[in-house]
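*Asks:* Protein chains in written order, with my numbering: chain A, 1 to 101; chain B, 1 to 732; chain C, 1 to 488; chain D, 1 to 505.
If you're looking for bench data, these hints aren't it; they were derived computationally from the structure. Mixed in with the good hints, there may be bad ones.
Distance windows between CB atoms, simulated [as the list claims (entries may be wrong)]:
id, chain 1, residue 1, chain 2, residue 2, range
1, B, Gly656, D, Thr29, 41 to 49 angstroms
2, D, Lys24, B, Lys171, 51 to 59 angstroms
3, D, Asp53, B, Asp119, 50 to 58 angstroms
4, D, Asp58, B, Val20, 38 to 46 angstroms
5, A, Phe65, C, Leu26, 19 to 27 angstroms
6, C, Gly360, A, Leu64, 46 to 54 angstroms
The calculated lysine-lysine pairs, modelled on DSS-like cross-linking and capped at a C-alpha distance of 27 angstroms, are [stated by the list, open to error]:
id, chain 1, residue 1, chain 2, residue 2
7, C, Lys447, D, Lys26
8, C, Lys373, C, Lys411
9, D, Lys31, D, Lys106
10, B, Lys168, D, Lys376
11, B, Lys169, D, Lys371
12, D, Lys376, B, Lys169
Yeah, the Cβ is synthetic: ideal placement off N, Cα and C, and Gly gets one too.
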Amino acid sequence: MMSLVSYLIISLILFIVGLVVIIARKNIVAILLGIELILNAAALNFVAYSRYVTNNLDGHVFSLFIIVIAAAESAIGLAIVIRFFQIKETIHIDEATQLRN
Amino acid sequence: MEYTVGNIAPIILSPVIAFVINAFFGSKLPRKGDWLATLSIFISFIFSARVFGDFVFGNFATDYFIHKTFTWFDLSYGANIWKVDMGIYIDNMTAIMLTMVSGVAFLIHLFSTWYMDHDEKHGRFFTFLPLFTSAMLGMVISDNLFSLFCFWEIMGFCSYSLIGIYVKKEKAGDASLKAFMTTRVGDVFLLLGIVALWMTLGSVAYVDIYAAIAEGKFAGQTVMGISLATFTALCIFLGAMGKSAQFPLHVWLPDAMMGPTPGSALIHAATMVTAGVWISLRMYPLMVLGDITWFIAVIGAITAFGAATVAMVQTDIKAVLAYSTLSQLGYMIIGVGVGSYNAAFMHVITHAVFKACLFLSAGSIIHSVHEQEMPKLGGLRKYMPYTHFAMMACTLAIAGIPFFSGFVSKDRILGDALYFGFMAGQNPLLAIVPILGFAGAGLTAFYMFRMMFLTFYGENRMGHHDSHGDHHGHGDHHGHEIHHEHLDARQNVPLLILSVFTLGVWFAGSLTGQGIVKVFGSKTEWFKILVEAPKVERFVNHPRESFGSTDARVKAELPKAVYVHQTGYAGPNPDEHKIHSAHVIGAILSIIIAFTGVFIAFLMYIKKSINPLASKFPGFTTTLENKYYFDNFYIDVIIKKGLLGLNRFLSWFDMGIFDRFAVDGWAAVNRVLFKASKWFDNVVVDAIGVDGTGVAVNLFNLVLRIVQSGKIQFYFIMLIVVLASYIWTVNI
Amino acid sequence: MIDQLFGFLSFYIPEVISILLMTTLLVAESSVKDEHAPRTKIHVYTQVVLGIVLITLFQNLGEKPVQIFHNAVTIDPFSTLMKIIMVIGTMGAVFISHSSKDIYSNLKSEFSIMAVGVLIGGMLLASANNMLTFYLGIETLSILSYVMSSLKREDASSTEAGMKYALYGGLSAGIALFGISHLYGVFGSIQFNDIVGQVAGLQGTDLAITLVASVLFFVGVGYKISVFPFHMWTPDVYQGSPIPVTAFFGIVPKMAGLAALVRISFVFLSAGSALTVSWVGLILVIAAMTMTVGNVTAIGQSSVKRMLAFSSIGHVGLMILGVVVMNEAGVKAILFYGLVYMFMTLIAFYITSHLSDMYGSDSYDVFRGLVYKHPVMAIIMAGVLFSLAGIPPFSGFVAKFNIFAVVIEQKHYGIAIVAAINSVIALYYYMKLAKTMIFGQASGEEKVVGFTSLNQAVIIALFIPVLFLGIFWESAMTMAGNAAIFIK
Amino acid sequence: MNGILNWILWLPVIGMVGVILTPKAKEHTIKMVTLVTTSITLLLSVLLYLKFDTTTADMQFVTKIPWISQFHINYFIGIDGITMLMAFLNALLFFICTLSSWTVTKNLKAYFALLLMLQSTVFGVFFALDFFLFYVYWEVMLLPMFFLIGIWGGENREYAAIKFFLYTFFGSIFMLVGIIALYYASGKGVDSFNILALQGGKFVNEQVVIFGKTFSFETIFFWFMFLGFAIKVPVFPFHTWLPHAHVQAPTAVSVILAGVLLKMGTYGFLRIAFPIFPQAAVNASTIIAVLGLISVIYGAFCAMAQDDVKKLVAYSSVSHMGFVMLGLAAMTTQGMNGAVLQMFNHGTSTAMMFLMIGVLYERSHHRWIVKPDGSKGYGGLATKLPKYTTIFIIGMFASLGLPGLSGFISEALIFLGIYQKFTTITVIAVVGLLIGAAYLLWMFKRMFFGEVNPEIEEYEDMNAREVFYMIPLCIAVIVFGIFPSPLLNVMKASVGQLVDLLSKY
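Bound conformation, chain A alone:
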């Protein structure tokens, strides 16, 4: 029997995994994926809450918007990554250390 808590736990795990990925991986695309994970964690929360706690559609709507925006964001992100690759010939994050005082 799934309960709200289990959803929350899953989303939390997603969230943390996302953070770890963002922090630990050196591949920029992977980092973008990590961000996606975090967004999905949030979306999952919304749906779960609207299912168990608040019996209205706000959560569902919100999660839909999240999906859309996540797509847009990752699109832009990837575009920039491609430019980066064209310039630096790599998508290794450590190469992005040109800007500093």
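Dock chains B, C and D against chain A, hints included.
*Replies:* Same frame as chain A, but now just chains B, C and D:
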């Protein structure tokens, strides 16, 4: 006569006017306006003489005085009233001093018109001399310590300018600086004393201070643990020491001879230097109350004797005279200390006359033969008879030979000193006061006659060098052929007039119509009738008078002056006879000593039967020639090493340390903070990030691995860490 | 239903016009044949339309607050005023971009398009009245910002800046969203109106969750206005981006973020609860840290652009103090500060941009001896710098004065002292630039091409309010005073 | 009638506009415009003095116009006895400085424009009775100073300018905090920015909590204000900007800086710090006195070590302003009056010194008494430049406090005042007088006596213009030395009122 503004103001103002005119238009006036200065002094002499006549021939009681005030400025607001009054305080002493100062000043001005002729500084000299005179007169006539202090400082300024008048001479600069600063040391303390008195008594007018003493307002008052009376008395006497060049503040006076001789005659011999004695006399009751008279006496004795010893070896006429001045001032101070009030004052007057005369004579010698080194002079008697006559008279006077003025005053001082030292039951150590005093008297006679003999007697040594005087190295004195002095009235008349005053008048007995002429310092010289220590009781709540109001009492009501001898101010003295005997002994002693001194000098410098000291005690002589090394001590040790060293250190500290670290510190801190953030970015991030070494390694492997990956991710870590800490804090 | 919608639209005209503008611009750009042709017409068009937007906004300023689209959006004078500031900022940025060499000629209208897009996001954010619009606003703002900052395609640093911005923005948006989701769970609604009521009554786990979630939520705003822990992207992005973009970032997203911050703080904190205490403390710490970090780091900068970036962080630190006090006065102070700050930033970036176009660098040296070449420009720049430092009679002083006033009124003396010390530090680096400009000797006598009479006129025109608002700030303050926050 | 004050305040601004509008080439016109403006201002201030009512301590020539009604900020100006003197001094010095700046060539136009702006702002500081207005003028005054020092200064001018600016700003930003705190402490009322209304110890019982600690409102904000003013004076630990600023600044600016700007600090104590926080002021009087004493002695000692004559005079200013602080700390009739009088007299005498140094500098282009290589910088000036020497002597003896010249009476009054409260400090302070004479006379001896230094052979004596602008100061120094009443009568009511207030605590 009425003491209205019109009668008093000219005494001070006419020289001031002369000063102003000469200061601005002197160069345009004929003869640079020296006649104007002289005239102005003459005017103030006339007005002083009126006061003198009114007091001295007017048969006033000894303690009659005029005290009139006007408000200088007023700070009263609402409830608290506070204003500063100025005014005149005239008693017999003031009258006599005024006349002496203006008279001597007039004669010296007259002489200077001859002496300063064709001198490049002619104009400037006659600008400052009248200003000085008016300041001196103002100091004499002023009724309170504050205005006295003002005039006192202005005198100091004039003396500064006149000493340094020959600006081209480096030494003139040193001398003037030294003179001003040394006296300034005393002056600041004087100011301090005045402030202390003013703020505790509410006024510094003489009459109020006397009244306060009588009413015992000083009782229980203390300043920093010392009783107020002692504190203020000491401060004021320190001021006196500065001005009157008492040991150890005496160093400036000999150097002050850099100025033109007549200037020295007026300022550094006759008048200004006696200002210290003057204020000590005015504040005598305070000195007694503060119980520092013994200190005063000792200081005086040391100065009197020490200066005399130094004077013995000087070869420059003016230097000899300068040291003799020091020594004579010492006697006056002794007089104050041992409580022979009127003798001390009398010595001020007599000394002023004969010392002025001596300086003028020296001046006329220097001006005529352009030489002031005694060993190079000699035999001038036949060339300058008038000068010789005048100088001899004054020398006899200063040496304390009977029938001359110096004898009267000095011998009474010594007599009182004798009583003070041996008979008054004081601390036996104080016996040094009379001992040094008498020794000094002998030396005085010796060195003065040494000077006379070297200068006027023996063969003329002009033209060829004398091994003795060489190291004083005054330019070249070849080719000054000796010529008879051409008789210039402006040169000789002042000398003769002054020399007349060295005798005669002082013995005229009572000019006030009682008693007859007596000799040997009899009790009833007119002088003693007129001057006595103030009786403080009679000043208690006497009426205030301001200008315009008529005098409180009419002369007719006043009793005739009756002379009561006394030492100190405290009424008739119990052991009268002791004092009298002391006087007799003193008189005889001083005569003997004086003649011995003269005789020794005669043997040394005329007979040549004894060779001069120098050959006998070379070491002692060099010490004397270096003036006991006081100058070296002050300048090399205290000033150069001490003061300037401290200054340099402080200023280095201020700019080098204080400014650099304490003040630019904040900027430094910011730079450090900036560096820190930079270091955070570069070192922490890169060092830990790039090469895995670093503290973090051993700390926490996971963290290391996490952090390993470059910059933007380090931002993420920061974000999350801070976020976690926020959440943590928020949840508490 | 429909007519009601149109009724709502009548309040929403500015946004609508902006959206139309954006779309039309897209069309216009696509119709340009020679891609290197100057986009003067397009820029003029943009300016004109934005001017119209401005006018409509000024009309809204008078209206009384309303909530439209089912309370998704609130139109109140506060948000309108913020929008006005943003629109002016956008106009200014577009104007720079026209002359700036930092924007490739073939991208000039792209810049305008993006700018208008970001503006729209900002408007949405400023008047967001529920979580969703808030999130949409932030994302619209961000996503376009990423593109703007990497607008110099061939330039490595620009691209890198864009990438960092994207990653950082994505992460913080995600975190904020995670927080929002929990808030939704706790309050059962995404409407601010519904939340306001419930905040006071929170307790137990709800309260605990809310505390954590609200902090997460704060990240979303915090990184937009780049306050202390979330500021790290700022210098890199500012440095990497083209100057017009930097100027734009200095104004529009910050204003939008501030508006949102003010609103949500009023939502969550107006009712005094455990939340209020923690938030006030949080913001005090954040403000102090932000000021200090911004100013201290600005001291050592050699690039003027970076210096301005850090100094803007410092200013934000000062501005958010207006939030702490939770009252009208605070909002007033923030609005006034924002208005003034917008003008000052624009001028500073104008002059910097023209100089760096001329010399190909924005180091302090290019300013050396400017007063001997362009006395007026140099004096105005100096005036702006002193205004930023908060010296009377410039408006920067009044802005700072207001912030101090509201802080001290609430007896937060400690933070006031911190702010005081910070303004001394700030004065130091502003003065260093003024020094180089006016005391230094110019290497050459050549005039700066950028300073055409038009540009100079615009700069002077922008300087007038900087000076005027410093002396006669009564009217501006009343205007800001009327801009009340409206939440049911 | 009240118009006069506004005219004095705004006339320089009008003049500044005139200067700005004059084309750069017409240098003589620019100078004349400035000269005319300053001279009219001077005449107006004389008129002001004549119309001034010395019997009352109230503000006179008051103008009050609402400015920012939300904060009850007014354009509120007026003068009492103290500011009357300061205004006169300011007008006089700027008139003289215009003449002394006649030889300026670099960016002439900007120079005179800034000079006039500076004059107006300084007037503003002295006239302002509204706290906000006061602060605005206090800060605006920094800008022209910053540029005047920074552009026309010596070789190390940038450092000096920045230091001056930052230092003062550091002090005044705390003052701002204090001002706002006062505004709320006094209940945001109509008079909450009105300096006069705030006076009289209204905040004795207030409390403040800073970083979790509770303090007395008065104490904390007295020290905030103290910081602002003490840096301006400058009192001992905050004095090090002064030598830099003075040495680097051009002559006219040094004159204004020493002559007027330093007085703004002490004026702040008289008008703001003391009357608004009497309790705290009385508690702090010992500390102020000690700091003043240190400034006196320390400044004098440092001055004596200087080889740069301008730096020497700069340190002497520290010393003399220390006397003013002593007088203020005394809080007695004599002390306070003496302090205010000293403010005026120091203004004139030190202005003379700086002007004379400037005159010399125009001839020699260095200021070394003893050059770094140990050779004499000058020497024999007295022989070469008689007029110069005469005027220099007057200025020098005025500033070392010779009776009959202005410096003495104020110092004597200060001593009388301070003695009643702090005997020991008085005793130590007289050393200051001693050293004060020492460094000046020693400097004089090294520069003016002795054989004529070959370097100064071709110097010509002061020309008519230079003599002309020195004359007013000489007259002021001598006349007010002999008759101080014209000054004392003007100030004594206002000062007396303050003394009465302080004596209650």
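*Asks:* Hint by hint, note whether the structure agrees.
*Replies:* Verification of the hints:
no., hint, in the structure
1, Gly656/B / Thr29/D: 41 to 49 angstroms, "47 angstroms, holds"
2, Lys24/D / Lys171/B: 51 to 59 angstroms, "54 angstroms, holds"
3, Asp53/D / Asp119/B: 50 to 58 angstroms, "55 angstroms, holds"
4, Asp58/D / Val20/B: 38 to 46 angstroms, "40 angstroms, holds"
5, Phe65/A / Leu26/C: 19 to 27 angstroms, "23 angstroms, holds"
6, Gly360/C / Leu64/A: 46 to 54 angstroms, "48 angstroms, holds"
7, Lys447/C / Lys26/D, "24 angstroms, holds"
8, Lys373/C / Lys411/C, "48 angstroms, violated"
9, Lys31/D / Lys106/D, "13 angstroms, holds"
10, Lys168/B / Lys376/D, "15 angstroms, holds"
11, Lys169/B / Lys371/D, "21 angstroms, holds"
12, Lys376/D / Lys169/B, "15 angstroms, holds"
Consistency with the previously given hints fails for number 8 only.
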